[in-house]
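Please put together the full structure from these sequences, using the hints given.
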Amino acid sequence: MTLWAILGVALVAGGAQKLGAMDVGKLLAERAETLAAFKDPHRSPYAAVDRRDFQGAPLVLGSAAEADLRLDGARPRHARIAVDGGGFRVEAVDEGATVEVQGKPVREARVDAGGTVGIGRYTVRLSHQNFPALVLLDPQSPQLREGPPPRWFPPDEGFRVVGRLERDRSPRDEVVLSTRGNARRARRLGRFSFELGGRKQQLTALRLLEPGVGEAAVSIFFRDATTGHETYPVGRYLEPEPVAGDPDGFVLDFNRAYNPTCAFSPHYNCPIPPRENVLHVPVRAGEMDPGGH
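By the working numbering, the letter at position 116 of the sequence shown is numbered 1036, and the numbering carries on one by one without gaps.
Wrong hints could be hidden among the right ones.
[To be verified] Simulated restraints, written as ranges between beta carbons of each label pair:
1. 962 to 1050: 23 to 29 Å
2. 1161 to 983: 45 to 51 Å
3. 1013 to 1034: 30 to 36 Å
4. 961 to 1101: 44 to 50 Å
5. 1165 to 1077: 20 to 26 Å
6. 976 to 1068: 36 to 42 Å
7. 986 to 961: 25 to 31 Å
8. 1069 to 1148: 16 to 22 Å
9. 1148 to 963: 35 to 41 Å
10. 1050 to 1119: 33 to 39 Å
11. 959 to 1034: 17 to 23 Å
12. 1122 to 1014: 52 to 58 Å
13. 1202 to 1009: 32 to 38 Å
14. 1120 to 1153: 25 to 31 Å
For the record, the hints were derived by calculation from the structure and aren't laboratory data.
Glycine included, C-beta positions come from ideal geometry on N, C-alpha and C.
Now the structure itself:
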């Protein structure tokens, strides 16, 4: 067993107090960045005004009445977007039309899942998740002015713990339902064991099997005793932080628990936590319910 592994076991046995001091300044800076993103009309979930799911054929964007996604001020058939493996193929259609990709006007491009395309005042987000769709962001969305901003509980060292990932001997694929009724695929990696609220806890660790998700990704989708009251009714997400040198040691910092994008807009497709991922203690850390939904 490596030194880090031995230390990891000791940390779990001893609890969160064995961790180094939490960098509150860094945490607050991250929250400030999130607030700034919510004011950005090219990134904010509150800028989302429409969504179109692919049904096996390319989607046409433009000002024409028959366009799949209507864009005021664009050319009638401004662009056509098709699914291309784990990404998208974007082409300008009408003569003289261009699309903006990575800040440059082009006639055609391949864009990775999660990327964006600019057309006039609009930003088009290319969502894949094995259920590809286009999400239209409009800087004139009234929600940019009216939507409640993200809120967080105050930082609390007690909600920052070390967990051990007890890996499944034979990781299996399973279905994770989404807020739009899709059956998304994920790999069950195992269970995190840790202490919180004076009690031993466990949460299932998953990796979504989707374009753009890395091989090292580990995600927790969970509910707790605050869910539906102080926090978002669907649940919250957490990305564990690996402990250097210990492949099974992770820091679970619930101060960084965050809401799915669906807490702010119905135009997104968010995983629903597995039934077993419920903590029967109140986790008053991380992001709160913004309200307004």
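Hints the structure fails to honour: As far as the earlier hints go, 3, 4, 9 and 13 are violated by this structure, in ascending order.
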